[in-house]
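Engineer: Please model the entire structure based on the sequences and the hints provided.
Top to bottom, those sequences are chains A and B. Numbering of the first sequence is given in our numbering, commencing with residue 423 and proceeding in unit increments. Numbering of the second sequence is given in our numbering, commencing with residue 423 and proceeding in unit increments.
The reader is advised that the hints may include incorrect statements.
30 angstroms max Cα-Cα, derived DSSO-like pairs, lysine-lysine [said to hold, decoys possible]:
#, chain 1, residue 1, chain 2, residue 2
1, B, Lys453, B, Lys552
2, A, Lys449, B, Lys453
3, A, Lys522, A, Lys496
4, A, Lys449, B, Lys510
5, B, Lys522, B, Lys510
6, A, Lys496, B, Lys453
7, B, Lys544, A, Lys565
8, B, Lys565, A, Lys552
9, A, Lys449, B, Lys565
10, A, Lys544, B, Lys552
11, B, Lys449, A, Lys496
12, A, Lys453, A, Lys544
13, A, Lys565, B, Lys565
14, B, Lys496, A, Lys453
15, B, Lys552, A, Lys565
16, A, Lys515, B, Lys449
17, B, Lys453, A, Lys565
18, B, Lys515, A, Lys565
19, A, Lys453, B, Lys510
20, A, Lys552, B, Lys544
21, A, Lys449, A, Lys515
22, B, Lys515, A, Lys552
23, B, Lys515, B, Lys453
24, A, Lys544, B, Lys510
25, A, Lys449, B, Lys496
26, B, Lys515, A, Lys449
27, B, Lys449, A, Lys453
28, A, Lys453, B, Lys453
29, A, Lys522, A, Lys449
Computed far set for chain A versus chain B, every beta-carbon distance over 12 angstroms [as the list claims (entries may be wrong)]:
#, residue
30, Gln431
31, Arg434
32, Ser475
33, Met476
34, Glu506
35, Asp508
36, Lys510
37, Leu516
38, Asp521
39, Asp525
40, Arg529
Read the hints as simulated data drawn from the structure, not as lab findings. We treat Cβ as the ideally placed atom computed from N, Cα and C, and that holds for glycine.
Number of protein chains: 2
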Amino acid sequence: MTKSSQFNQSVRAWMDVFMHRSMSGWKQFAKSCGLSMTQFSILIQLHHRGAFSMSEVSERFEITPAAASQLVDKLVQNGFVLREEDPKDRRAKLLNLTDKGRDLVQRGTQERYRWVDALGEKLSAEERAKVSEALNIMTEAVKELEAVQSPA
Amino acid sequence: MTKSSQFNQSVRAWMDVFMHRSMSGWKQFAKSCGLSMTQFSILIQLHHRGAFSMSEVSERFEITPAAASQLVDKLVQNGFVLREEDPKDRRAKLLNLTDKGRDLVQRGTQERYRWVDALGEKLSAEERAKVSEALNIMTEAVKELEAVQSPA
DNA sequence: CTTTTTAGTTAAGCGGGCTTAACTTTATAC
DNA sequence: GTATAAAGTTAAGCCCGCTTAACTAAAAAG
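Structural biologist: Now the structure itself:
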């Protein structure tokens with residue numbers, strides 16, 4: 423076996439385990455808040471990136487403006503999102519999280535990482551350092567990949 | 423900053439990048455085959471675990487038998503899955519992938535890992551070895567966590 | 001042998017996540 | 001100033017992924 427395919431095998435094994443674990447926990451949390459995964463994803467994006475326009479939601483999630491509008495409707499109605507006029511362009515809207523929305527995202531994020539935190543406690547300090555270094559390598563590599571594909 | 427929270431930070435950064443990247447690519451592939459994510463997940467499970475009963479689908483995905491039945495209906499109608507009587511219990515059914523289904527899963531799996539393969543090519547051999555080792559550590563740790571929580 | 005349980009199916013209903021079509025308001029181009 | 005494009009919204013429609021209810025056939029229990 424080549425080194426390259428050993429790498430691929432390690433990554434794939436991790437992906438399989440990780441994806442299943444992440445998705446089910448995440449889905450349950452969203453459900454417990456009375457939101458769907460898609461609705462929750464929008465809250466997450468707002469949290470990470472600050473103010474968002476409706477167009478950006480539409481582009482980011484690769485859905486029509488109509489779908490975006492209706493999706494955001496539900497979040498606004500539930501008090502998680504504020505939808506305000508953009509002062510720089512009266513046609514556009516700016517979306518921001520409310521305190522309620524921000525609180526929810528933070529709770530959801532904690533829930534999301536809980537099992538990983540537990541995982542870290544099973545590792546020795548040396549193991550943690552190795553993993554930390556490795557994941558930083560990977561994270562940087564992904565960012566470089568993305569920068570090449572879509573220069574801001 | 424403690425070593426433990428440095429670890430957590432590395433893992434979280436990776437998770438953020440990875441989840442988004444994985445999910446969108448995966449979703450697009452499923453869509454391009456005219457299937458939904460859920461339908462595809464069932465095919466994946468069949469591929470990994472061999473023959474499955476309807477009850478097992480229902481349990482594994484935490485849905486009612488009715489939902490499982492209807493979901494599998496679509497896969498059978500599209501020729502991806504065979505649904506046959508279980509010789510050991512005439513009430514039960516056994517599900518298996520058809521050749522068509524197996525082919526689809528293999529193509530989907532390749533698609534799923536493509537971006538990760540590209541990522542590996544951006545790394546040096548040394549970096550790859552570090553990542554490989556680290557992910558093996560993590561994968562084993564998860565499996566231990568799961569063994570504790572639900573002893574077969 | 002009869003009763004109860006199990007495995008699965010079908011129908012109907014509901015909410016979610018889209019789509020297209022049609023529309024209003026605002027900004028941009030000429 | 002007029003025509004075009006952009007930003008967003010609402011309505012209607014469709015498919016998906018469930019749920020409950022009702023049912024049949026087979027197995028298990030007593």
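Engineer: Could you tell me which of the hints above the structure violates, numbers in ascending order?
Structural biologist: Numbers 1, 4, 18, 19, 22, 24, 30, 31, in rising order.
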